[in-house]
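Chemist: Take a look at the letters that make up each chain.
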Amino acid sequence: MSNSTVPRSRAEAATTEADPRAEAPAGGRPEAKRSGRLSLRLRFRRDRTLILMTLPAVLLVLVFNYVPILGNVVAFQEYDPYVSENGFVAMLESPWVGIEQFERIFADSAFWDAVQNTLVLFSLQLVLFFPIPIVLALLINSVIRPRIRAVSQAILYLPHFFSWVLVITVFQQIFGGAGIIAQTLRRHGYEGFDLMTDPGIFKFLVTAEGVWKDAGWGVIVFLAALASVSPDLYEAAAMDGAGRWRRMWHVTLPALRPVIALLLVLRVGDALTVGFEQILLQRDAVGPGAAEVLDTYVWWNGVRNQDFSYAAAAGLIKGLVSVALVLAANKVAHFMGEQGVYKK
Amino acid sequence: MTAVIDKAALDEAAREPRWWQAPPRPVWEDEPSKAGVAGKGIVLAGACLAVLFPLWIVIVTSLSSKKTITEAGGLVLIPKDITFIAYQELLSGGQVTRAAIVSVCVTLAGTLFSMAVSVLAAYGLSRSGSLGHRWLLMTLLATMFFGAGLIPTYLLVQSLGLTDTYLALILPSAVSVFNILVLRAFFMGISPELVDSARIDGAGDWRILWQIIIPLSRAVIAVITLFYAVGYWSAWFNASIYLSDQSMMPLQNVMIQLVQKQEAPVGVSQAIKTGQISALAIQMAVMVMALLPVAVISPFVQKHFKKGMLTGAVKG
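Quick note, the sequences are listed as chains A and B, same order. So for the first sequence, this note's numbering puts the first residue at 1; every next one is plus one. So for the second sequence, this note's numbering puts the first residue at 1; every next one is plus one.
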């Protein structure tokens, strides 16, 4: 990858890294430098089709990703959905209460429970989930029969495409009270069990479901990184007398390091998101004590209890901390000499 | 004589390895130990089994008669008599049939819409240096760093009057910036000479996109189409907060009611009560209906995954 050219923007940096060819303009139009000389009107005439094509996506993003940001003002109101049929009108007419919602949240022990559950789940996922795709990728990469590689990959990728509803119902059939394990135990005269409703192990259950669904899919990125390692390096290492394990330690793992660092950064930046749909689906079965995370806390207070301002305030706290985490994680990555999500 | 033998040996060496045979190892690589190979095989087979075994139970149980299910005491491991009665019952009208139709329609319409918007945007942004290129791209990219939050989004969809319409299941999640970036990176990798020559021949941007870019990008378009389709097919949360009419619900939401809350679907409950069909077989059949389209289609797109995932954007 050549870093000789200075990327024009952060955005550019993100893509040129993955594909060096991206530097070449696809259309053979004059490069940015030259087009700078053209008048704005000429440039518009030249590029209006391109702008027109981009417009639908940009409009959708503006409406559904940017406009709701403004909606966060309800966090500083006492939003009353019954003032008007229309949410926007209701927002205009609701009274302002300053930071009252935030004071209420910080005084609520359920909120701190949700914070704690979120952080515990994040740590569990990091320790138990994160290494598995790496190990699987090393394993698949070491299989030299192409057919076995292809088939095992196809099988391991499959659950990634299942919905959370399906994954959880599948887990019910295995570990639930009427699942195959409890059923077999009972048939042989043992006590049955129901792991799906046990608050004590719920966090491990959530992690296991995540592993079943996405660990196979996680392999893809590492396999690609492994495929890009030059065989010459392995050969040279072997010539120098390095055995299998030492080649893995000194050649393979260093090749994976940037990818691992990047994925860690992404994961830490997203630490407060620990599986909203997945946990929401099981919240009733195990109870909020063990299952409430920040996202479900927002859902419960807002959608269920219709306490919109309170929930929006909780969501805003989560959102702000998340942005700070992404930026901080990138700083750390840069500090350690790795590429983050964007360049310095 | 010797020449003949040599030729045979050469042929032998030059032949492509059959699929069960291992391709030749590089000479510098030592043969792995038997134990090592066995260990790897066991771990890999175990991982595959962990994926397939639960699916096997679900599929077999959905195809079992009430008698077999009662004998097994619930879930069935070994198929005895195959019957499609659960599927017949589910697909003969009623709640599940309607939910399946809703899911198929939302998935088709949504995927088509998302793909159209995304391919256009990816092409529109594929020329660095075009007017507004940087700003438009930044507008999209920035959304990967923040989320507006559930409640403001909910209030917005409600203000726009989308609640209780199927548009609420499509529009809020129609654009995935990640997918646009993947498509864009792929488009940018297409040789500029091709595009140039088309332009010299008088082709405009629409024509270049339709006749050159899209035909050359079939692989990545297949991957992104699958991503979008799976997204729409699997979605349930938006339906759960934006739709209030039970008869509008898609398949995933009906599955939640059916399997998690153990409610019999409307129209089928009679057959279960009279004892013709096991409620368990019905539940498993709904699960199979949810997993089958995905399980059948995704392996065909598999060979393109790597390309699709990596040309754009591990980074996004």
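It cannot be assumed that every hint is accurate.
Said to hold, decoys possible - Some chain B residues flagged as far from chain A (calculated, every beta-carbon gap over 10 Å):
(1) Ile82
(2) Tyr154
(3) Ile214
To be verified - Which stretches of chain A does chain B cover? Using the computed rule of at least three CB atoms under 8 Å from a CB of chain B, they are:
(4) 95-104
(5) 109-120
(6) 196-207
(7) 298-307
No lab work stands behind these hints: they were computed from the structure. Here a beta-carbon is modelled for each residue, glycine too, at the ideal position from N, C-alpha and C.
Chemist: Does each hint fit the structure? Answer for all of them.
Modeler: Hints and how they fare:
no.: 1; hint: Ile82; in the structure: 19 Å, holds
no.: 2; hint: Tyr154; in the structure: 7 Å, violated
no.: 3; hint: Ile214; in the structure: 13 Å, holds
no.: 4; hint: 95-104; in the structure: violated (count 0)
no.: 5; hint: 109-120; in the structure: violated (count 0)
no.: 6; hint: 196-207; in the structure: violated (count 0)
no.: 7; hint: 298-307; in the structure: holds (count 4)
Taken one by one, the earlier hints fail for this structure at numbers 2, 4, 5, 6, listed in ascending order.
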